[in-house]
Amino acid sequence: MLAIALISFLFSRLIMATVSTTPLYNATVFVLLNCGAPSATIDETDDRQWDTDTHFPNFLPSNFSSISTTATPSEKHPSVKRISYTIGARIMKSRFTYTFRVSPGAKFLRLYFYPANYSGFNKAESFFSITVNHLTLLSNFSSRCSYRFE
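Going by mature numbering (1 follows the signal peptide of the UniProt record, and there is no 0), the letters in the sequence shown line up with residues -17 to -1, 1 to 133, in that order.
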């Protein structure tokens, strides 16, 4: 009986602690970067503004124009709404680094990809890796493998 009372007490404390705590992460800085887009765009689904990567020259390597190109999708699936990150892409011809200086602490990183052919680049042959400091987030990744339209 004592065990049941103790478990009930601990469970009620756990629920109260869970309800009364603040969120574990509260984002204060948002970087909505649309790599390769011709200009800033407003996302029709949530009214967020996505800036083109050239709007942030400190993020790009100094030789970005010689080692990358921009492209628009050759096709667009009819079920895809006009979402900012489906307008353009930056195609890297060699190793390419975006540099983001951030304050210490937890960060949330969300990457969006639109699996399409871009101006002569076949999505079936396009792979890339993403490394943050010395931590590999994606290795030999293809956005084509992440989603397929039916």
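Keep in mind that a hint or two might mislead.
Claimed, not checked - With a straight-line Cα cutoff of 25 Å, these simulated DSS-like cross-link-like pairs (lysine-lysine) come out:
hint, residue 1, residue 2
1, K59, K106
2, K90, K106
3, K106, K76
These are calculated hints, taken from the structure and not from any lab test. Quick caveat: nothing in here was measured; it's all calculated off a predicted structure.
Is the Cα-Cα distance between K106 and K76 25 Å or less? 14 Å, holds
Given the hinted pair K59 and K106, is their Cα-Cα distance within 25 Å? 13 Å, holds
If you draw a straight line from the CA of K90 to the CA of K106, is it 25 Å or shorter? 29 Å, violated
Consistency note: the structure conflicts with earlier hint 2 alone.
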